[in-house]
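As a plain string of letters, each chain reads:
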Amino acid sequence: MGFKDFCFKKSLWLFHFGGASCNNCDIEILDCLTSRYDVERFGMKLVGSPRHADVLLVNGSINKRDKKRLLEVYNQLAKPVLVVAIGACGCTGGIFAEGITFAGPVDKIIPVDVYIPGCPPKPEAILAGIVKLLNKK
Amino acid sequence: MNEKKVIPIGPYHPLQEEPELFKLYCEGEIVKDVKWETGYNHRGIEKLSESKSFDQSFFLVERICGICSTSHPFAFANAMEEIADVEVPDRAKYIRSIIGELERIHSHLLWVGLAGHFLGYDTVFMWAWKYREPVLDLFEMISGNRNSYAMFKIGGVRRDIENAKIAKIRGVLDLVKKKTDLLTGAIMDDPVIHARTKGVGILSKQDIMDYCAVGPTARASGVDIDVRRDDPHAAYPLVDWKVITAQGGDVFAKAEVRLLEMYESIKIIDQCLKGLEKEKEGKIEVVVKNIPAGIGTGHYEAPRGEVFHFVKTIGTNSPARHKIRAPSYVNIATFKKSCVGQTISDAAISLAAVDPCYCCTERMAAVYDYGSGERMMNGIELVEKSKRRTEEIRRNY
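Quick note, the sequences are listed as chains A and B, same order. For the numbering used here, count along the first sequence from 1 and bump the result up by 2. For the numbering used here, count along the second sequence from 1 and bump the result up by 66.
Keep in mind that a hint or two might mislead.
[Stated by the list, open to error] Pairs of lysine-lysine, DSS-like flavour, derived with a Cα cap of 30 Å:
| hint | chain 1 | residue 1 | chain 2 | residue 2 |
| --- | --- | --- | --- | --- |
| 1 | A | 70 | B | 101 |
| 2 | A | 124 | B | 234 |
| 3 | A | 66 | B | 346 |
Just so you know, the hints here were simulated from the structure itself, not pulled from any lab data.
Model the full assembly from the supplied sequences, consistent with the hints where possible.
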């Protein structure tokens with residue numbers, strides 16, 4: 003068992019970073035945590051501090067003001083860490099990619115492990131993405 | 067000791083899903099002043115809209131806000147139809163109202179859940195979000211997507227609601243009504259919720275007038291405004307419903323208004339479904355070929371208040387100017403009244419009570435002068451700038 007496998011062997015804790023988004027993906031992430039989808043049964047939960055998290059969920063296009071804060075949050079995370087870009091905006095910038103304040107999709111700023119496209123991705127898609135993440139690491 | 071401490075909430079705070087920075091200036095445990103910073107969510111939508119065609123703009127304005135993703139296209143469609151001077155067929159009117167009211171139900175359930183979460187009452191959070199799911203399933207059945215429905219276009223709607231689906235919609239509405247009864251009972255009779263929300267974050271009628279607040283925030287303080295009734299459009303004049311108001315102005319009154327509004331929405335949808343059954347299937351749009359030059363305004367009562375869209379066209383394929391004002395933009399300013407004088411623990415629920423939606427709000431970026439360090443434009447400067455600009459427009463237009 004490598005060091006990385008050891009780190010991700012048990013419950014993954016999530017930190018959610020909502021960039022300049024339309025709120026859809028944020029709500030779908032919260033939907034995953036509530037009763038119908040309930041990812042807490044797998045030991046995943048949202049935590050308040052980036053220092054406690056194993057997985058960083060990023061959604062929304064990143065604007066100029068968010069960029070340095072995203073970097074700051076990423077630097078605070080204890081490595082190794084898994085990064086998930088959620089939604090069309092997180093993956094590519096989506097409909098806001100031509101906007102005046104757009105500062106690049108997430109993978110231009112920090113390394114991304116899994117992309118979950120969709121506008122917004124269904125909670126099932128987010129769960130499938132997390133499962134792929136667990137198999138990939 | 068007369069020391070003022072600043073407590074920041076945000077920009078990336080576990081309490082809120084969206085980035086927004088609040089600075090609470092506190093003396094002891096009492097909040098003395100509130101300031102907030104925006105711009106973390108600015109995407110330049112008004113500018114982007116000018117580069118898109120009218121049909122594409124609907125998909126863009128839908129993505130201003132994911133929760134009220136029908137309200138913005140609704141208001142935009144009203145504005146465009148004012149310019150093109152078209153009358154929407156009755157079936158399309160009913161479908162528009164059905165989608166709008168279903169959205170109100172899911173948005174209010176979402177708020178009830180989040181309010182419970184902010185109070186530390188996670189049972190309400192889980193319940194409300196569980197009963198919100200059937201409504202999202204209905205959206206998936208009607209439009210193919212859970213959140214952004216893409217139902218609107220100039221002159222009508224994109225998809226029909228077939229009469230075969232009406233029974234399913236009625237079934238879900240019955241379920242939602244039953245569960246709303248349950249939630250209303252749980253919230254109205256719970257002594258803990260009473261203790262945490264009654265007399266907290268009070269906004270008087272005068273405060274609402276001063277800050278021009280709209281929507282359930284205003285209606286909870288006894289200000290009887292609702293765009294659906296005051297400026298009739300879509301199917302609202304064709305159905306029987308009433309505007310809910312309350313007198314308290316506190317967080318409890320806001321919850322009461324939202325819960326009772328859900329019953330009104332169910333009533334409206336039920337009557338619209340009856341209307342759909344009478345109409346012939348398939349007649350859902352008027353084809354609009356050309357958009358003439360002109361100015362159009364449109365508004366709609368979103369779950370949070372009045373959404374306002376102004377569009378100017380010059381005969382081309384895209385808007386020449388597109389101005390958007392979302393309800394949270396004015397409602398957020400009431401924090402100055404509702405939070406000041408309260409304890410820090412009550413500040414969170416006072417902030418959440420107006421159901422602030424920051425992605426709707428962010429239409430303007432902050433202004434900095436890098437030469438002399440950081441400086442925001444103050445009110446006087448902004449008024450002067452606005453006056454100057456108005457004069458310019460008046461001369462040129």
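Hints, one by one, checked against the model:
{"no.": "1", "hint": "A/70 / B/101", "result": "holds, 22 Å"}
{"no.": "2", "hint": "A/124 / B/234", "result": "holds, 22 Å"}
{"no.": "3", "hint": "A/66 / B/346", "result": "violated, 51 Å"}
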